[in-house]
Amino acid sequence: MMQRPGWDTAPPDVDLRGVWTAVAAQVWRRRPGPAERLAARLLRSPGLARALVTTPSLLLGWVIASVAVLAAGAAATLETGTPYVALLAPAFAAAGIAYAYGPGIDPAWDLSQSMAVSHRMVLLVRALAVFALNAAFGLAATAASVLAGSGTAAAVTFGWLIPMTAVCALALAAATLARSANVGVVVGMAGWGIAVLAGGATAGRFPVLTDSALILPCLAFAACCALIAFYATRSPRGTS
Amino acid sequence: MNIEIAGLTRRFGRNQAVAGVDLEAGPGVFGLLGPNGAGKTSLLRMMATVLPPSSGRLRLLDRDPGRYGPRREIRRRLGYLPQNLGYYPSFTVVEFVEYFALLKEMPAARVPAAVAAAVERADLGTKPKRSCAPCPAACSAGSASPRRS
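Heads up: the protein sequence lines correspond to chains A and B, in order.
Note that the numbering used here gives residue 117 to position 136 of the first sequence, counting from 1, and the numbers run on in steps of one.
One rule links them: number in the numbering used here = place in the second sequence (from 1) + 3.
Bound-form chain B, shown alone (with noise of 0.2 Å):
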């Protein structure tokens, strides 16, 4: 099971944006809709372990990511495209998804590889080495690329 939720809750002061979610899910494509303010995003954050639950209990490729190990494990095979992603102007397309890469902790041997394939896969091949900074839009696909969540 690649995603498992019980009971899973996240608040913000006194305000709570996730209350009481269980949902399962395999491999698959699947989509989360609701209104604005539903939690969708506060959900997701939640299972890119970028944001710890307040309560409830998560479980993400078989494993816990409250505890060091297992988070880092899912983090290596884990795919997030935030939904306001910023860039470092100073990096080209492939610089960026690169520089991700390697923080993913992709071997790096295999990263000019992969970098090369994920490029290719956002049709952005022709212009790899513009700056993210005047097409925000080219970065953004670069780093969707390999997304497996």
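Chain A extracted, bound-state conformation (with noise of 0.2 Å):
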């Protein structure tokens, strides 16, 4: 631990505190990591890439939530042979973004909301983190599914969690051009409507839904995605 140096002990030439600051500033610098370097690269924005990787409170969430929704969800597929992994895993998952950054919620709310970084950026970059790693884990779960003779987990990964994150990232990609996370939201959800509508036009052949009765329900889904996402983001207007 360093110990600063008593400032009145200095000669009256010598800077002490501008010194002490400099090699403090040195000292406590956090470097960022591999994955903080190539999130802030792929962003353009330092701050987005440091809330992604220093999430307070969702980064160890992330992982726990994902891995015992699609293993419950799994299970329960194989039972009884209804996707609730395609139907809940990403509602689960989009319901517990919103729900840990919000006014009651983080902490730092009220400070947060003043910041340059836009409050919707660092969601959509949160969503596509975790549709990305659902993702990841489907594609994991595909792979020993598949040596078990099984194609459920593919099905599901297929159609349902490799879609959602391309919806993110397209969504994310557009919000980084545009330096608008509604313009984001406003083309990742059209991108989503389009699909799942073009899924059920070509009877099952886009690979975004292989089931056309499961339409009415992803559509409501992807509405409420983004009603929750406007509703925990949103600046109150004179009613709150």
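By construction, these hints were calculated from the structure, which means they are not laboratory data.
Quick reminder that beta carbons are idealized off the backbone N, C-alpha and C, glycines included.
A couple of the hints might just be wrong.
Pulled a few chain B residues facing chain A out of the computed Cβ check, cut under 7 Å [to be verified]:
#1 Glu27
#2 Lys43
#3 Leu47
#4 Ala51
#5 Thr52
#6 Arg75
#7 Arg78
#8 Pro85
#9 Gly89
#10 Tyr90
#11 Tyr102
#12 Leu105
#13 Leu106
#14 Ala111
#15 Pro115
#16 Ala120
Fit the two chains together into the complex; they arrive one by one in their own frames, and the hints show the way.
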């Protein structure tokens, strides 16, 4: 631990405080890891990258929640044949994101609201990270289920998790280019809607969905996600 | 002019928290005094771009905070210490100040020096790696240092 020198003991022509501050800046600085550096480069924002990798209340929760939901959903699907994972996993993830970032939940919410980096951008980045993680788990489950002779995990992974990740990535890319999270949300939701409708129109040939009975629930889900995102990141207008 | 306000109002449902405030302020130090419920916090939150006004005209640093681009520029230069500042218990004093410096879009190369200066200015240089959890006042002082509102 550094011991700060006494300012009064320094010769009058020595800026001891300035020297100390410069040394402290180097000693205290936190070197970003490879993941944070990569995220900062991709997102063109060190602040967003830091918000992603040091998310105070989410980092461990993402992994635990994703594993728990996917494992429980896969078990239920195997028993009943109903794709609970496809319907529930992204919903839990999206709701988890929304409710982990908002007034009354984020302890520094009021301060965050006054930051230049939009809280909706932070939300989009976190959403992409969660869905990408879910897709990675899905791919692992697919590999395992192929070995076991089951195609359930593959259907869920390629029919739902990967498309959802792609939609989040699309939304984030649009938001990054437009420097507006609202643009990203609109583009992402439009992309998701078009993909689902196109999947229904081509009788399951589009990879988003293979069961046309799920189109309406999926559209409802997409709308719910958008509502949750907007609700969790809204600026109160005279009613709160 | 740093702050230009004309006819600013803010309603919360049926309650009118701020009723037609007119105010102009340039550089300097100002205090806002009033009894409980007078609307001081709501007015400050509007001036911090956290709360949009219900009606009226608000300009900060010669910009319109109602539009995304100007609001972002305002927020880069604005310092704001909320009335109820929460902390991330897993963050140290330095990490907390650094996190919000990055969210404020301060150039990454300038962040370490700015953080060290802010922590030093708040006289927290002897405990920079201390967690925010047991000493919330430390983080409060640290984040308050760069304020310029």
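Exercise for review: Run the structure past the numbered hints and jot down the numbers of the failing ones, going up.
Suggested key: Violated hints (numbers, rising): 1, 2, 3; every other hint is consistent with the structure.
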